[in-house]
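Participant: So the chains spell out like this:
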Amino acid sequence: AQSVTQPDIHITVSEGASLELRCNYSYGATPYLFWYVQSPGQGLQLLLKYFSGDTLVQGIKGFEAEFKRSQSSFNLRKPSVHWSDAAEYFCAVGASEYGNKLVFGAGTILRVKS
Amino acid sequence: DAGVTQSPTHLIKTRGQQVTLRCSPISGHKSVSWYQQVLGQGPQFIFQYYEKEERGRGNFPDRFSARQFPNYSSELNVNALLLGDSALYLCASSLADSSYNEQFFGPGTRLTVL
Numbered sequence: 060a061q062s063v064t065q066p067d068i069h070i071t072v073s074e075g076a077s078l079e080l081r082c083n084y085s086y087g088a089t090p091y092l093f094w095y096v097q098s099p100g101q102g103l104q105l106l107l108k109y110f111s112g113d114t115l116v117q118g119i120k121g122f123e124a125e126f127k128r129s130q131s132s133f134n135l136r137k138p139s140v141h142w143s144d145a146a147e148y149f150c151a152v153g154a155s156e157y158g159n160k161l162v163f164g165a166g167t168i169l170r171v172k173s
Numbered sequence: 003d004a005g006v007t008q009s010p011t012h013l014i015k016t017r018g019q020q021v022t023l024r025c026s027p028i029s030g031h032k033s034v035s036w037y038q039q040v041l042g043q044g045p046q047f048i049f050q051y052y053e054k055e056e057r058g059r060g061n062f063p064d065r066f067s068a069r070q071f072p073n074y075s076s077e078l079n080v081n082a083l084l085l086g087d088s089a090l091y092l093c094a095s096s097l098a099d100s101s102y103n104e105q106f107f108g109p110g111t112r113l114t115v116l
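As given, the protein sequences belong to chains V and H, one line each in that order. One point on numbering: in the numbering used here, the residue at position 16 of the first sequence is 75, and numbering is uninterrupted. One point on numbering: in the numbering used here, the residue at position 45 of the second sequence is 47, and numbering is uninterrupted.
If we strip away everything but chain H, and leave its shape as in the complex, we get (with noise of 0.2 angstroms):
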């Protein structure tokens, strides 16, 4: 079985540009969550989504925001990317709504910003 696969895998952006990130979960999962992994530090979270909705925000602010599909992929956007925004952008599916349910990882998109 295929595991969650994230799209781009690099990215390169310049300040005040918009990028979108995409995640496929893994098959049957219908939660997806995002983080934010700055080099040297571990991930922060950053949204999840159940079922279409949002069901949890991280502290981040509203230049950041992101959906899922009827299909449970999802997308992250990012708009008037500051270069502070360069990071390891990981995407985590799980079964549903809990951390009591493993949360898988795709291998990330990282996106510098110049």
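Next up, chain V with everything else stripped away, as it sits in the complex (with noise of 0.2 angstroms):
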């Protein structure tokens, strides 16, 4: 079965500084992997997506992650954070064999300090 690990459940960063959200998932095989945002009271908003080939991938709002299979690890990273950016992310994992089906982790709630 799969699953999906966010071992932070609060960050909190400065404005302009770097971020990186962990995310460790499990799953037999190669996984599809996703980063959600979700601001308060809004819906989910897909940053990004990995299925296949180049391990770093780049979304939108300058955001990247990077998958590696040896630490079943997706984390996601921003150089150079704004306010805007303080919300609650989510990773999820999804396979083929499942349909639709996306498995989330519990988020990580993001605070950017000016």
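Calculated directly from the structure, the hints in this document are not laboratory data. Among these hints, one or two may not hold up.
Unchecked claim - Cross-link-like lysine-lysine pairs, in silico, DSS-like; alpha carbons within 30 angstroms at most:
{"no.": "1", "chain 1": "H", "residue 1": "Lys32", "chain 2": "V", "residue 2": "Lys120"}
{"no.": "2", "chain 1": "V", "residue 1": "Lys108", "chain 2": "H", "residue 2": "Lys15"}
{"no.": "3", "chain 1": "V", "residue 1": "Lys172", "chain 2": "V", "residue 2": "Lys120"}
Unchecked claim - Derived Cβ-Cβ restraints for the label pairs, each shown as a range:
{"no.": "4", "chain 1": "V", "residue 1": "Ser62", "chain 2": "H", "residue 2": "Tyr102", "range": "18 to 26 angstroms"}
{"no.": "5", "chain 1": "H", "residue 1": "Ala82", "chain 2": "V", "residue 2": "Ala165", "range": "24 to 32 angstroms"}
{"no.": "6", "chain 1": "V", "residue 1": "Glu125", "chain 2": "H", "residue 2": "Thr16", "range": "45 to 53 angstroms"}
{"no.": "7", "chain 1": "V", "residue 1": "Arg170", "chain 2": "H", "residue 2": "Leu13", "range": "41 to 49 angstroms"}
{"no.": "8", "chain 1": "V", "residue 1": "Thr64", "chain 2": "H", "residue 2": "Phe71", "range": "35 to 43 angstroms"}
What the hints assert, rightly or not - Heads up, incomplete: computed chain H residues facing chain V, CB under 8 angstroms, no partners named:
{"no.": "9", "residue": "Phe47"}
{"no.": "10", "residue": "Glu55"}
{"no.": "11", "residue": "Arg57"}
{"no.": "12", "residue": "Ser101"}
{"no.": "13", "residue": "Tyr102"}
{"no.": "14", "residue": "Glu104"}
{"no.": "15", "residue": "Gly108"}
Computed from a predicted model, the values in this text were never measured in an experiment. A virtual CB, placed ideally from N, CA and C, is assigned to each residue, including glycine.
Mind docking these for me? Both chains are given alone in their own frames, and the hints should help you get the complex.
Facilitator: The following block contains the structure:
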């Protein structure tokens, strides 16, 4: 069965500082991996996705993530955080044999201080 | 183009009642998935429908049911409501029956059970 762990419940960074949000997954084969962002009272917006190929993927809003099979990780990074990045971030895993089903982590709440 | 729409936005029910939540997918999308997001947790997969057929079901009791209509809109029904059913219910649509296809999420329906 698929599972996702996001070890950090809350993270606080200063505006302009770099950001890394951690995600570890459990799945036997090559998974489909996603990062979503959720602002208060909003639905989920896809930031980026990994299916295969280049292990460093670029997304919207200046985010990138790196797939590391040996560590079962898919960490999200941003070189310089903006105050508008404050939100909750979810890592998710899917697989071809499970249709559209996504398994989400518990989320990481990002706070940005000025 | 309109995104995924959900109605109602908010709903308050009492224990034992029944509720119906509605979702309209993006035009041209044939797959609809439902997720439950309890406060402080990541979304949990409830159902997926594709071309009016159930393609996946998460670990939820039989009190939860859903259907998809010929126009690809969908309804989620929950019977005999419990306090623990209080959550944000998210609907997602995609073109086809695979997590390879991007899923677009609606803003959700906030259900409160008293």
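Participant: For which of the previously enumerated hints does the structure constitute a violation, in increasing order of number?
Facilitator: 2, 7 and 10
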